[in-house]
Structures are given as C-alpha cells and as structure tokens.
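Let the sequences and hints guide you as you build the complete structure.
Those sequence lines, one after another, are chains A and B. Note that this note's numbering gives residue 70 to position 70 of the first sequence, counting from 1, and the numbers run on in steps of one. Note that this note's numbering gives residue 17 to position 17 of the second sequence, counting from 1, and the numbers run on in steps of one.
Among the hints, erroneous ones may be present.
Because identical chains share one entry, a pair is satisfied inside a single copy or across any pair of copies.
[Unchecked claim] Pairs of lysine-lysine, DSBU-like flavour, derived with a Cα cap of 30 Å:
| id | residue 1 | residue 2 |
| --- | --- | --- |
| 1 | Lys217 | Lys44 |
| 2 | Lys216 | Lys44 |
| 3 | Lys82 | Lys116 |
| 4 | Lys342 | Lys281 |
| 5 | Lys44 | Lys281 |
| 6 | Lys82 | Lys331 |
| 7 | Lys217 | Lys365 |
| 8 | Lys365 | Lys281 |
| 9 | Lys195 | Lys44 |
Quick caveat, the hints were computed from the structure, so don't treat them as lab data. Values in this document were obtained by computation on a predicted structure and should not be read as measured data.
There are 2 protein chains.
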Amino acid sequence: MAWTLDSVLDRLTTELDSVMQFWLQHSHDKQFGGFLHCLSREGKVFDTVKYGWMVCRQVWMYAKLYNSLERYHTAEVLEAAKAGIEFILQHVKVSGEQRCYFMVSREGNPVKLQRKPFTECFYTMALAELARATGTNHYMEAAEKMLGQLIQWIMVDSSSLGSGYLTRGTSELGRPMMLLNVLQEVCGNDTTKRKQYEKEISWSIQKIQTHLQRDKKWICENVSDDASELPGSGGRLMTPGHAIEAGWMLLTEAQQQDLPDLKKIAIEDFIMTPLNAGWDKEHGGIFYFLDVDGHDPTQLEWNMKLWWVHNETLISLLMVYQVTRDDAIWKRFCEVLDYTLKHFPDPQHGEWYGYLTREGHINQKFKGGPFKGCYHVPRCLLMCHTMLETLLKK
Amino acid sequence: MAWTLDSVLDRLTTELDSVMQFWLQHSHDKQFGGFLHCLSREGKVFDTVKYGWMVCRQVWMYAKLYNSLERYHTAEVLEAAKAGIEFILQHVKVSGEQRCYFMVSREGNPVKLQRKPFTECFYTMALAELARATGTNHYMEAAEKMLGQLIQWIMVDSSSLGSGYLTRGTSELGRPMMLLNVLQEVCGNDTTKRKQYEKEISWSIQKIQTHLQRDKKWICENVSDDASELPGSGGRLMTPGHAIEAGWMLLTEAQQQDLPDLKKIAIEDFIMTPLNAGWDKEHGGIFYFLDVDGHDPTQLEWNMKLWWVHNETLISLLMVYQVTRDDAIWKRFCEVLDYTLKHFPDPQHGEWYGYLTREGHINQKFKGGPFKGCYHVPRCLLMCHTMLETLLKK
Chain A
1 MAWTLDSVLD RLTTELDSVM QFWLQHSHDK QFGGFLHCLS REGKVFDTVK YGWMVCRQVW
61 MYAKLYNSLE RYHTAEVLEA AKAGIEFILQ HVKVSGEQRC YFMVSREGNP VKLQRKPFTE
121 CFYTMALAEL ARATGTNHYM EAAEKMLGQL IQWIMVDSSS LGSGYLTRGT SELGRPMMLL
181 NVLQEVCGND TTKRKQYEKE ISWSIQKIQT HLQRDKKWIC ENVSDDASEL PGSGGRLMTP
241 GHAIEAGWML LTEAQQQDLP DLKKIAIEDF IMTPLNAGWD KEHGGIFYFL DVDGHDPTQL
301 EWNMKLWWVH NETLISLLMV YQVTRDDAIW KRFCEVLDYT LKHFPDPQHG EWYGYLTREG
361 HINQKFKGGP FKGCYHVPRC LLMCHTMLET LLKK
Chain B
1 MAWTLDSVLD RLTTELDSVM QFWLQHSHDK QFGGFLHCLS REGKVFDTVK YGWMVCRQVW
61 MYAKLYNSLE RYHTAEVLEA AKAGIEFILQ HVKVSGEQRC YFMVSREGNP VKLQRKPFTE
121 CFYTMALAEL ARATGTNHYM EAAEKMLGQL IQWIMVDSSS LGSGYLTRGT SELGRPMMLL
181 NVLQEVCGND TTKRKQYEKE ISWSIQKIQT HLQRDKKWIC ENVSDDASEL PGSGGRLMTP
241 GHAIEAGWML LTEAQQQDLP DLKKIAIEDF IMTPLNAGWD KEHGGIFYFL DVDGHDPTQL
301 EWNMKLWWVH NETLISLLMV YQVTRDDAIW KRFCEVLDYT LKHFPDPQHG EWYGYLTREG
361 HINQKFKGGP FKGCYHVPRC LLMCHTMLET LLKK
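The structure is reproduced here in structure tokens:
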C-alpha cells in the first residue's frame, strides 16, 4: 500500500496501544512485584524467572511513555513503573555493590550474575527516566552512581566484571553503543548534565566509529582496541541490527551537537550500508548475523529474522528521513515497514512475534522471553510516533 | 532402499574413509602443531583459532582408529595424533593447573577459559586412548590425574570452575554423562581400572537416571540435586540427542556389568522414548531441543537438525539391535540412516554438513567449526562398523 505520514502514524498508534495493552494486562506480578515477562502467544506465564534487564527495560518503557504521551500519563502506568523499580532496588540490584543480577526468581532470589554490564545499563536508564516521571531525586542519584561504574567498566577497565577471555584489548560494539545510549538517557535535555558527561559522550562516539572497517564498507561487531580488524570469524562478524541501532544513536548526537561529518557517517556507514548488506534479497527482512567475507557465520541463528532488528531499522530510517527529507529514504522506510507489519504483529493476541525463520515463518510463538520484553517494539513505536508528529507539524 | 547388515557396513565404511580423508588432508597444522579445524565446505581454513576440546577430540579419534582398524594402524595416523597431543600438553593444558583452555590461537596462546569441565573431559580421553596406542605410561598418568580433578568437580564440588549461577544444587545431564564416558574410555577393557573406578561409574549411572522425570516419559536436561524437576523453561528443557547419547553409554554399562534393569531403562527410557518424542513427524530428523510441556523452547535453534544428534541415534539404535535382535529396531535404524545419509554427507568434498534447518536444508556449509570437528561423525561410523562386523560374524 502507499503509505503517507498520516496513515503510518495511525497504524503505529494502533500497534502501540495493542502492544502496551498486552503488557499492562498480562505481565504485572501483583504478588511479588516486578514483571512476569516470559509470556506465551496468548499472554500466559510460561516461566516465572525474572531477567533483570527485562524488568529494568519495562520500567524504563512505562516511565518513558508516561513522560511522552498524554494517554499514558496515567496513575496506572506510573504505579506499575514504581512497583517495578522497587522490585529492582530490592532484588535485582546486588546489595552493597554496583552490580545487578541477570536473573532472579519470581520472589526475587538471585539466580545468575553475568560477566557483562548490560543489566546495569538498563537499571541506570530505568532510574533516570523514572526520576523525571516522579521528580524523585534519589532515583537520579542512584542512576548516576551506577553510570559512574559503567563508565569505569566500559572506558577504563572491565576486569572486575570477570571474563572468560584471556586476551585483552578488544572492543565489542554493544559496549560503547550502550554507554552512549545510557548517557543520552541520563542527560535527556539537561544541558548541564550533557556538559558534565561531554568527555564520555565524545569517547563513545569515537569508539563506536572504530568498528567501521574494510574501507568503511562493514561495521564489525568486534575490533581491536587500536581500531584494527581482529582475526577469524569473531573479527569478521557483522550484526546489521546493532550497526543500524548505533546509527540512530550517532545521528541523534550529530543533530544535537550539529556535527555534519558525524551525520554523514551515521547515515551512510552505520545505517544505509549495513541495511543494504543485511537485507535478504530472496526472502525480505534483515539477517541477524553476517560474515564480512561471505562465509556462513558460525551462529546457528544467523539467517533468522528478529523483531528488534526491524524495530531499530524503522527508527533509523524515519530519523534519516526526518533529517534529509529524501523521498528514496521514505520509500525504503515503507518497504521495511511493510515487511515488518506483515510478519511480526499478532492481531489476535497483541504484541509481536520475535523470531522468524529466514523465510519469514514463526519460529517461536512466545511474546516475551529471556531476550524479549516490553522494550524494542514499544520503543520503536513511540519514537516513530514522536518523529511522525513532528514531521506532520512542520 | 532395503538395507542389509552387509550393505550398511559397506556404505558406512566408504563414509568413514571419505570423512577421515577430509581431516587427514586439510586439518594438520604442520607449522604450529595441532589441528586447524574451522574448515569450509571445501576444507579451506576460515578461522585459525583452535578450540581445545576439538583438538583433543581429534587426537582421541585418530588414536581410536589406530587402535581399532588395521587400515588406520599407520604411522601417518599415529604421528598426527602424537603431534596433536604435544600441542595439547604445551598449549591447551594450563601450565601448573589441572585445567585446559577452551580456545587458543593458532600459535597456542590462550584465548578463552570456560566455566565448564568439558575440554578437560576430552583431554583425558585423548591421553588415555593415545596411551594405549603408544604404550606410553605418562600419557595414562596425565589422563588419570585429570580424571581425579573431573571426579572432584562433577561428583563433589565444581565451585573452583566458577559459575554465573548463584543457586546451587542442580544437575546438568552432560556432566554425569561425560564422566561416565570418560571413565569408560580411561578404563577400556582393564578390569583392574574398572574395579578402581567402580564407585564413580556407579555414581554416574545413578546420577544420569535422576534426569528421568514425569513418570519416566521425559529426560530433562537439568534437574535438582535431589532428583526433582526444576521450575520454568530450564527445568522443562529436553535435548533428545543428549538423552539418546546417554542411552548408549548406559546400555554399554548394562551389558558390561550384566544389569537387566539398567538395560531396560537404557533402551526404553533413554533411547526409544526420546527418539519417539524427538522425531519430527512432518519433516523427518530429530529436533535439537524440546519443552516437555510443548511450549516453544526459548533456544532459537530448537527445531534445527544437527548432525551429532543423528550420529548418536545411529549408534544407539544399532546397539539396541545388537542386544535385542528386534526387527522393529533394525527398521527404525534404517529409517534414521536414510534420513541421515540423504541430508548430511557431502559426496563432492567429503565430511558431513552439521547444521540443517527444520526442513532439512543446509543452514551452514562449513564442515568444521567451534562445535564440530573430527569426532561425532567418525566415532559413529567406527562404532557402527565394529557392531556390524560383530553382528555379521555371529
């Protein structure tokens, strides 16, 4: 169909409400607090374990919606976010340490600690957004305390996290990308805070760009600390969804700081080139992993089509369109939107499927699990909603 | 086609030689020692990293073939195994500790250490088999020294391995299963050694059986230490290939020790029931993971068809046939053989593909990688070869 700004806004608004209805209805754990996010197609709990980062992401999402859209600025949304953060502070946060559990039981007992800093990233984002929703200063203080730890781990020394890898001096794209995202979320529109974290924002932007390899044709997921390609499959690994996600974060900074060179890099190298490389010309959709030399990636799921990759791409393309007003980009956005809406949403029970085969068939029917919660879908829908409203007002 | 014992023996002998030719020709690292086992469809190296367990498995396989079949009792095979073990002792074994690196660089520099004891299991098996091939006593001494450590980790306390899990008291099927396998390999036909490790063999047999849950209908991959089902997806996880693999190890013990009850459990509960549950009635082949309540497993690759699962099933079914002489079992063996031979071997370049989609299409073309080396295919072909020769002689 021929999409217009208006018709896209209408459709994405409907999707957002359907998706949020699913989480509001099925995921609140009224007995033990927090969210039960391992939910079947129909919204039934198939596992009561709570993944720390999923609980944090859901709090962030609720607080963001509360702060952004009038119809989500409700006591129900705010109370659910506050109940979520209380569970996090009591059970996900490791008492007396700047660390978070990756998994806890329904009751909040620790199950697993990861050697990665990502649960802590979402803990920080949840606190920062809820601080703005509630005006509660100690949430922001707790967010910035963890942010200090994240800066130490990601910029200086991650050895206190532990690691099975014995060779040092490698950079994973997810780390500077998440640090930039957390910094953007903590700072918001606060210019004093942006000044305070200026050095860390700049470092993240530079570090992300070290992943641009092979004459700027490929964003490699792992590079050496001196910005060279690493040997073997690990060095050749490309994750189009990650590159494209980093792209809209870089583009946000380029616009905020008025950096035309960064704007060009974000659009061309981090968004359009990875999208072209990652698009499956045979079946449509974007691959999960690629090898820059065309070998089959060793990850068994390399050719699957994941929901979040398509969410990040929709955000990125709409942001590029907002910046460039290039009709070719709008056309591309509509193509990705068509694929996405055809394959992922479940009109019968709400929310989206997460995992499709290469051919676009549903590989797993559940709506929430260890790696999928109330986050990528509504974040995409909310961000697109905001951009479309801006575009329509102009 | 209608298979006979003779025609299966002929075909599997041809396969074994084609598979071994692939590794003998492409994988020997004459410059740095050990094996380059990340090999493309054509046998070209696509990554020079060496996974410790793969190098150990290849040494074990070479030594086993040298000890088992006259046409592999050659200087070339023995020298390659010895060169492999020298690389292992110098670079895979952690100096001064009873631990092995999971990954080393081509030159042998440490890359990664796992919080699992499996590289050490294959290190022990490689040394024990090569000790028999060469009559070198210090190989067996080194094997038994590591076996002592494995017994400590698996039977008593694994905390020195480290773990991200904070809840104790769970048993993973792979651990007692691998301990039993290592014990069988270290002891071989040595009755003194079997006597020496009697307690550990019994413990492993008992521990494996604690994974039999739900009125003996399901082998759960993870159970509590007191033999109860664990909550959630982790507790409901079933890996048909693991259950069936454990089945032939239990059946081996049942025959060796003349234990009719164990024989029945091995055949019915560990081999036939998981095979029936795991067989894909729509597309053929055996699923990788299942959820005992029929939820979609959260593992993205759950419905893929993996080579090793089919290797273990062929071993198990032929062993059951050898024990029972039941024609229905032979028919089942032939069905699995037909699926396997139709989908996995690559007649053009040798060796087998490892990873198929649910529908049986090749998902990754490489012949060797982080989890696939010179092991499951030739082990299956050699074991079936030996059983078929015995059956034909009777």
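Status of each hint after checking the structure:
Proximity of Lys217 and Lys44 under a CA criterion of 30 Å is satisfied inter-copy only: 25 Å between copies versus 44 Å inside one chain copy. For a Cα distance limit of 30 Å, the shortest separation of Lys216 from Lys44 across copies, 27 Å, qualifies, whereas the shortest one inside one copy, 46 Å, does not. Only within a single protomer do Lys82 and Lys116 lie at most 30 Å apart by alpha-carbon distance; the minimum there is 26 Å, versus 39 Å between protomers. In the homo-oligomer, the alpha carbons of Lys342 and Lys281 lie at most 30 Å apart both inside one protomer (16 Å) and across protomers (29 Å), since each shortest distance falls under that limit.
In this homomeric assembly, Lys44 and Lys281 come within 30 Å of each other (Cα to Cα) only across copies, at 27 Å, whereas the closest approach inside a single copy is 36 Å. With identical chains, the CA atoms of Lys82 and Lys331 are never at most 30 Å apart, being 41 Å at best within one copy and 62 Å at best between copies. Proximity of Lys217 to Lys365 under the C-alpha cut-off of 30 Å is restricted to the inter-copy arrangement: shortest distance 25 Å between copies versus 35 Å within a copy. Taking identical chains as interchangeable, the C-alpha atoms of Lys365 and Lys281 lie at most 30 Å apart whether they share a chain (25 Å) or sit on different chains (20 Å).
Proximity of Lys195 to Lys44 under the C-alpha cut-off of 30 Å is found in neither arrangement, the shortest distances being 46 Å within a copy and 52 Å between copies.
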